[in-house]
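**Student:** Make the full structure from the sequences, and use the hints.
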Amino acid sequence: MAKGHKQLFVDTFEREHAITLRLLRAFPDAQSGFKPHATGRTAVDVAWALVLGQERLMVKALTGGFDWSKPPTPPPPPPPTMSALVERLEAAHAQALEAVRAADEKALTDETVSFFVAPRTLGDVPKIEFLWFLLRDYVHHRGQLSIYARMVGAPVPSIYGPSGDEPWF
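Numbering (our numbering), first residue to last: 21 to 189.
If you're looking for bench data, these hints aren't it; they were derived computationally from the structure. Worth double-checking, as some hints may not be accurate.
[Said to hold, decoys possible] The calculated lysine-lysine pairs, modelled on BS3-like cross-linking and capped at a C-alpha distance of 25 Å, are:
id, residue 1, residue 2
1, K26, K126
2, K126, K23
3, K26, K90
**Tutor:** Written as structure tokens, this is what we have:
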């Protein structure tokens, strides 16, 4: 039996989240402030985007949408360490997963979210496409963090195939 849009997203979201947790748990707390370049963001700042994408974007899109008539509330600062951030990520993920599971399957494809589709340009995006956009962004930031992990000497787990620290054979 074919999976619906929602179940396909949930299954992928869960799988990607489990991989992300393995990477973040391997990241040394003492290196949470690491940044590879003076203009780059710290490891914990990059990882904070994973939390905010779920808490502030995914849940909001599924439970009420965005009010662009007023400026967005600035995000809170990230926790000081990667291990503290992992706790927030797990809570944010549970909240986002609950919102996705509660969403009506038909509403995910038929209803839209007003969000940025280009610089300073709002457009209507189907909710399910918005969820996939956020998940791709999540994977993108995890990729950044896998490079940071390698640079600080932390083990990089297998993500989509073997890694130097986790060979398959």
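**Student:** Find the hints from earlier in the document that the structure breaks and name them by number, from lowest to highest.
**Tutor:** 3
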